[in-house]
Amino acid sequence: MPANVRVNWPDGGSMMLPTLWLRDVCPCPDCRIEQTQEKRFHLAALESVSVASLCADAEGLKVTWSEGHNSVYPRSFLEANHVRDQPKWRPWGDDYSPGYFDFTTFLSDRVYAIRAIEEFLEAGVLVLTNSPTEELTLERLAARLGPIREVLFDRIHNVKVDPKGYNVAHTSLPLPPHNDFASYSWPPSVQALHMLANEAKGGRSTIYDGWAVLQAFRQEDPAAFDVLCRVAVPFREFDDGNETFACEPIIRLNPNGEMGIFRYSNQLMQVMDPLNPDTAAFYDAYYKLSRRLITSPFNRRFRLHGGEILVVASHRILHGREAIEDAGFRHLQDAYFEHDNVRNMLTVLERTHD
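According to our numbering, the residues represented by the sequence shown are 5 to 358, in order.
What the hints contain is simulated information worked out from the structure, not anything from laboratory work.
You can take every hint at face value.
Subject to a maximum C-alpha distance of 25 Å in a straight line, what follows is the list of computed DMTMM-like cross-link-like pairs (lysine to aspartate or glutamate): (1) Lys92 <-> Glu122; (2) Lys292 <-> Asp230; (3) Lys92 <-> Glu354; (4) Lys205 <-> Asp330; (5) Lys66 <-> Asp34; (6) Lys43 <-> Asp28; (7) Lys292 <-> Glu326; (8) Lys205 <-> Glu138; (9) Lys205 <-> Asp166; (10) Lys205 <-> Glu326; (11) Lys164 <-> Glu247; (12) Lys292 <-> Asp98; (13) Lys66 <-> Glu38; (14) Lys164 <-> Asp330; (15) Lys292 <-> Glu252; (16) Lys92 <-> Glu126; (17) Lys43 <-> Asp344.
Kindly generate the complete structure, drawing on both the sequences and the hints.
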């Protein structure tokens with residue numbers, strides 16, 4: 005069986021299509037459930053697959069298969085079924101500042117929400133303003149970001165200075181750049197941080213374009229970058245009633261070699277085996293990356309006021325906080341969402357947008 009078939013169109017164009025792919029994606033009602041557009045046919049049902057005859061005309065491609073099945077593929081179907089690209093991310097420029105959008109309008113106006121979500125998918129950051137300062141307001145974001153991603157500890161997490169807190173966020177100490185729950189095998193990919201009240205001095209919010217930092221680091225020191233893609237690192241977060249642990253590389257690339265997950269949390273990183281031959285190479289690369297991160301131009305600092313919600317794409321964007329300088333009241337709540345669901349919401353909004 006030839007691995008590919010060449011399709012020559014009457015207008016002179018041509019396509020090279022994988023034979024098995026072509027049989028697998030037959031759009032006829034015998035092979036695909038019309039109601040759900042799911043496949044009903046399974047390749048494994050055939051002992052062999054080969055083309056008996058093939059004809060391409062202005063309407064599309066007609067194939068008769070060796071088992072006697074006839075398939076008809078509109079040309080538009082074949083040309084449209086390239087793998088859909090994810091929305092392109094945009095590294096921050098020197099003049100970058102987060103996009104600010106009104107909370108109520110974001111929830112009520114489709115056109116406005118589309119613009120806000122597109123900005124979020126490109127830059128990885130969104131700030132919603134004029135939100136209520138009531139607890140659990142983050143629940144309302146599900147209408148635009150998709151359902152809340154529940155994790156252990158709390159569905160919606162309170163961040164206040166607390167002498168009994170289980171995390172450095174509950175102290176007045178500065179929070180270095182990080183993303184939450186590096187101790188999960190799949191950390192939450194979107195985080196929303198809602199400032200209910202901020203009367204304390206200090207404590208400015210910090211955000212870092214982690215992917216932009218990694219992109220520059222990859223070009224500067226590809227060997228060190230590869231080490232951080234390869235060596236697994238232990239991360240742990242726990243309290244008296246919960247335990248989360250993951251051992252994963254700091255950088256995970258997608259199948260195309262592009263940025264996937266930047267897992268970075270100095271506070272959750274656990275002690276590595278000093279006798280492991282990879283540990284020295286890891287620390288050399290980790291030190292170089294960390295120095296680049298904290299001195300990078302890809303960071304912004306600003307005060308998050310009461311009634312503002314910072315939303316970050318947390319597989320890309322690291323966040324933190326400067327030290328809180330006094331005991332003025334400061335109350336923040338955060339919750340997690342998933343990037344897949346945000347992209348889904350954009351698709352749904354675009355379909356219904358007039």
